[in-house]
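S.K.: Chains as they are written, first to last, in the working numbering: chain D, 1 to 207; chain C, 1 to 207; chain H, 1 to 207; chain Y, 1 to 207.
Among the hints, erroneous ones may be present.
[As the list claims (entries may be wrong)] Capping the alpha-carbon separation at 25 angstroms, the derived lysine-lysine pairs in DSS-like fashion look like this:
id, chain 1, residue 1, chain 2, residue 2
1, C, Lys179, H, Lys179
2, Y, Lys194, D, Lys179
3, Y, Lys179, H, Lys115
4, C, Lys179, D, Lys15
5, C, Lys179, H, Lys153
6, C, Lys190, C, Lys59
7, C, Lys20, H, Lys153
8, D, Lys20, D, Lys153
9, H, Lys20, Y, Lys179
10, Y, Lys179, D, Lys153
11, H, Lys115, C, Lys190
12, H, Lys179, C, Lys20
13, H, Lys179, C, Lys190
14, D, Lys179, Y, Lys179
15, Y, Lys179, D, Lys20
16, D, Lys179, Y, Lys190
17, C, Lys20, D, Lys179
18, Y, Lys20, H, Lys179
19, H, Lys20, C, Lys20
20, D, Lys179, C, Lys179
21, Y, Lys190, D, Lys190
22, C, Lys153, H, Lys179
23, D, Lys20, Y, Lys190
24, Y, Lys20, D, Lys179
25, D, Lys20, C, Lys179
26, H, Lys15, Y, Lys179
27, C, Lys20, C, Lys190
28, H, Lys128, H, Lys194
29, D, Lys20, Y, Lys59
30, C, Lys115, D, Lys179
31, H, Lys179, Y, Lys59
32, D, Lys179, C, Lys15
33, C, Lys59, H, Lys59
34, Y, Lys179, D, Lys190
35, D, Lys59, Y, Lys59
It is worth saying that the hints were derived from the structure and are not from the lab.
Chain by chain, the residues run as shown.
Number of protein chains: 4
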Amino acid sequence: MEYLGIDDDEFIRGKVPMTKQEIRILSLVKARLSSDSLVYDIGAGTGAISVEAARLVPKGRVYALERNPEAVILIRANAANFALRNITVINEEAPTGISILPQCDAVFVGGSGGKLCPILEAVDSKLKSGGRIVVNCITVQSLMQAIEYFRAKDAEYSYETIQVQVTHLQQIGPYDMAKAVNPVYILTAKKWDKDQHGLADMNEKAV
Amino acid sequence: MEYLGIDDDEFIRGKVPMTKQEIRILSLVKARLSSDSLVYDIGAGTGAISVEAARLVPKGRVYALERNPEAVILIRANAANFALRNITVINEEAPTGISILPQCDAVFVGGSGGKLCPILEAVDSKLKSGGRIVVNCITVQSLMQAIEYFRAKDAEYSYETIQVQVTHLQQIGPYDMAKAVNPVYILTAKKWDKDQHGLADMNEKAV
Amino acid sequence: MEYLGIDDDEFIRGKVPMTKQEIRILSLVKARLSSDSLVYDIGAGTGAISVEAARLVPKGRVYALERNPEAVILIRANAANFALRNITVINEEAPTGISILPQCDAVFVGGSGGKLCPILEAVDSKLKSGGRIVVNCITVQSLMQAIEYFRAKDAEYSYETIQVQVTHLQQIGPYDMAKAVNPVYILTAKKWDKDQHGLADMNEKAV
Amino acid sequence: MEYLGIDDDEFIRGKVPMTKQEIRILSLVKARLSSDSLVYDIGAGTGAISVEAARLVPKGRVYALERNPEAVILIRANAANFALRNITVINEEAPTGISILPQCDAVFVGGSGGKLCPILEAVDSKLKSGGRIVVNCITVQSLMQAIEYFRAKDAEYSYETIQVQVTHLQQIGPYDMAKAVNPVYILTAKKWDKDQHGLADMNEKAV
Numbered sequence: 001m002e003y004l005g006i007d008d009d010e011f012i013r014g015k016v017p018m019t020k021q022e023i024r025i026l027s028l029v030k031a032r033l034s035s036d037s038l039v040y041d042i043g044a045g046t047g048a049i050s051v052e053a054a055r056l057v058p059k060g061r062v063y064a065l066e067r068n069p070e071a072v073i074l075i076r077a078n079a080a081n082f083a084l085r086n087i088t089v090i091n092e093e094a095p096t097g098i099s100i101l102p103q104c105d106a107v108f109v110g111g112s113g114g115k116l117c118p119i120l121e122a123v124d125s126k127l128k129s130g131g132r133i134v135v136n137c138i139t140v141q142s143l144m145q146a147i148e149y150f151r152a153k154d155a156e157y158s159y160e161t162i163q164v165q166v167t168h169l170q171q172i173g174p175y176d177m178a179k180a181v182n183p184v185y186i187l188t189a190k191k192w193d194k195d196q197h198g199l200a201d202m203n204e205k206a207v
Numbered sequence: 001m002e003y004l005g006i007d008d009d010e011f012i013r014g015k016v017p018m019t020k021q022e023i024r025i026l027s028l029v030k031a032r033l034s035s036d037s038l039v040y041d042i043g044a045g046t047g048a049i050s051v052e053a054a055r056l057v058p059k060g061r062v063y064a065l066e067r068n069p070e071a072v073i074l075i076r077a078n079a080a081n082f083a084l085r086n087i088t089v090i091n092e093e094a095p096t097g098i099s100i101l102p103q104c105d106a107v108f109v110g111g112s113g114g115k116l117c118p119i120l121e122a123v124d125s126k127l128k129s130g131g132r133i134v135v136n137c138i139t140v141q142s143l144m145q146a147i148e149y150f151r152a153k154d155a156e157y158s159y160e161t162i163q164v165q166v167t168h169l170q171q172i173g174p175y176d177m178a179k180a181v182n183p184v185y186i187l188t189a190k191k192w193d194k195d196q197h198g199l200a201d202m203n204e205k206a207v
Numbered sequence: 001m002e003y004l005g006i007d008d009d010e011f012i013r014g015k016v017p018m019t020k021q022e023i024r025i026l027s028l029v030k031a032r033l034s035s036d037s038l039v040y041d042i043g044a045g046t047g048a049i050s051v052e053a054a055r056l057v058p059k060g061r062v063y064a065l066e067r068n069p070e071a072v073i074l075i076r077a078n079a080a081n082f083a084l085r086n087i088t089v090i091n092e093e094a095p096t097g098i099s100i101l102p103q104c105d106a107v108f109v110g111g112s113g114g115k116l117c118p119i120l121e122a123v124d125s126k127l128k129s130g131g132r133i134v135v136n137c138i139t140v141q142s143l144m145q146a147i148e149y150f151r152a153k154d155a156e157y158s159y160e161t162i163q164v165q166v167t168h169l170q171q172i173g174p175y176d177m178a179k180a181v182n183p184v185y186i187l188t189a190k191k192w193d194k195d196q197h198g199l200a201d202m203n204e205k206a207v
Numbered sequence: 001m002e003y004l005g006i007d008d009d010e011f012i013r014g015k016v017p018m019t020k021q022e023i024r025i026l027s028l029v030k031a032r033l034s035s036d037s038l039v040y041d042i043g044a045g046t047g048a049i050s051v052e053a054a055r056l057v058p059k060g061r062v063y064a065l066e067r068n069p070e071a072v073i074l075i076r077a078n079a080a081n082f083a084l085r086n087i088t089v090i091n092e093e094a095p096t097g098i099s100i101l102p103q104c105d106a107v108f109v110g111g112s113g114g115k116l117c118p119i120l121e122a123v124d125s126k127l128k129s130g131g132r133i134v135v136n137c138i139t140v141q142s143l144m145q146a147i148e149y150f151r152a153k154d155a156e157y158s159y160e161t162i163q164v165q166v167t168h169l170q171q172i173g174p175y176d177m178a179k180a181v182n183p184v185y186i187l188t189a190k191k192w193d194k195d196q197h198g199l200a201d202m203n204e205k206a207v
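Turn these sequences into a full structure, and let the hints guide you.
M.R.: In structure tokens:
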């Protein structure tokens, strides 16, 4: 398993927006990948998350869904650049394309193109017990939709949300100058492992 | 006394950096201006702070120091645009130009061009007891210099520092999308009023 | 008109949550009060916003609505402490209590007790053209409700939203240590002035 | 190699301050550990960084230096709790204790007890070419010292600094309420690999 935290400028980027390094790291860690995990990357953009995930699951596979053909080319180029053979790129607009995928252990939702709820529905039907969904949100609306989705499903999921605000101290001559990166919400939903859930309930009662 | 909080786009700006509205508001409030205050605005840039300060001190005056001739033109244009007659623009690189100014009640230090300590020295010799110096810092180095200056003068000054990080929620179609503004440190130093200081000491001893 | 920016510890506080100084300042400035403004402070808590607003509207009046009797006592104590006679405290849970108030120029909504939409409805019927509503939100849900309310009323209102994250640098021995304050969303809705609106429409068409 | 991102409440904590999960994750990733890395954790506190690092370097070792005997007990308890045998706890106040350690690949500096510069000096003499030092700072002073140290050594090190502000959305009844965590500066210094450095220089000249 290789290191996390590829530098942003190691990716081929074009004009497609890319999840920045720190957000990528935290999202990947929150997903608790194993070396054989099956992973979806929905709205994969440049494929930065897909590439880092693929390196963490050498015995698994990453399914990258992306509607923008220009971005699809970038994902393939980045996968090739890091010599990764376990990324399957699917040029579809999610939730289209999800139904034929195998069951999965973890899901990243970056871009949702205004279809976050149907995407979460489609993903839910594929996610194994104990699996995790990590949603990156940059708008209040998509955050609210994700929160409402998982609140409505609180018999099956628990979730936590953080907002991460990174500021870079740029070295300009003798100065280190604060340059803000746009903040991102990272919502991590954990699907109850049915057996553990029962156990957890018992423990709570015992306490 | 007119309202605070002129919108950023009401100022004529050019390429000169401008203190953004929320930072301007907090800086101006921290300075505790009165209607007859004499105010320095050091490194005045576009004059946004000078203009807002001038409106708050209709019976006072703002001395705007700025080394960049292009910025000086902007300050004058902005003062004219808001029909303000109580701004004196001085095209000098501080601390040059401070020595001939009258004593003052409040000082804003925006740009310091790497000369923050000599500026604070020059300003200290002009600031009345009970007056305030508000320093906006966007680099670690200038923040550290300001802190060290006022820590060394802790018999005469107390200070507080906040870091302010504003994020705008930009309305893009059906979304409200987070756009970060670079964070700014606002250090506010209060020069002890000699009489009150004596009293404060007594109170502290009494407690 | 007196200075804005009373220090937090100048207020009598008890256990009631209080809007912190920087958020208070920005909220008050965004409301664009005039010396004769009629102001509502909904969910007034300790009355910190009411007190600062009352000082800015010496010829106007602040109506502070607050459901918690303990908080009502604090508001009255703080008003007395600052010798303010232009605060009317109303011990009701908004929107109850709003219908009998006079028309107003500005509204602050701090606490909404889960009734933000009916509060905004009640307030809308009282707010004069050109008036402003400033909503402070600390939860995603109330932010979303406020955004949806004003998006649905976009023929009458425009709005802007900022998130403000303040960090205090606490002086501990030789160090200045970062202590975060919880971030707050400040939504400012501006009710179109009907005459200006017509004009604005014309201008837009002309452009 | 096991997953990163142990939850904060999986650690035994006592009253000793602990680096929070997100900062831990980012710090560990920035250090670019390999499975056989030798790692120092200076000012190890509860040992949270040591434990996560030890899991990432199963063929390597973590040397945890900590002056506080109470914290030393916690580090040992946490190491035992995660069944880690590759943590060596040293009850010394750094830089004391560093001189007898073997050369290392990566260094975390959490607490420095006001001795950051001597610690960095001691650590520099032990760090292999290509190694990394990750400094977490919560005060302006320690950040400034770290920046000045690595600026003075710019022939041997490059560095980057980020400030990370995490906000948790706490689920309280029907609400998700923003609760800020104190921001932390993470400075990552990379010691030039002498051979690569020469190459980099050549490339730069070629460009």
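S.K.: Output the numbers, in ascending order, of every earlier hint that fails for this structure.
M.R.: 2, 7, 8, 11, 21, 29, 31
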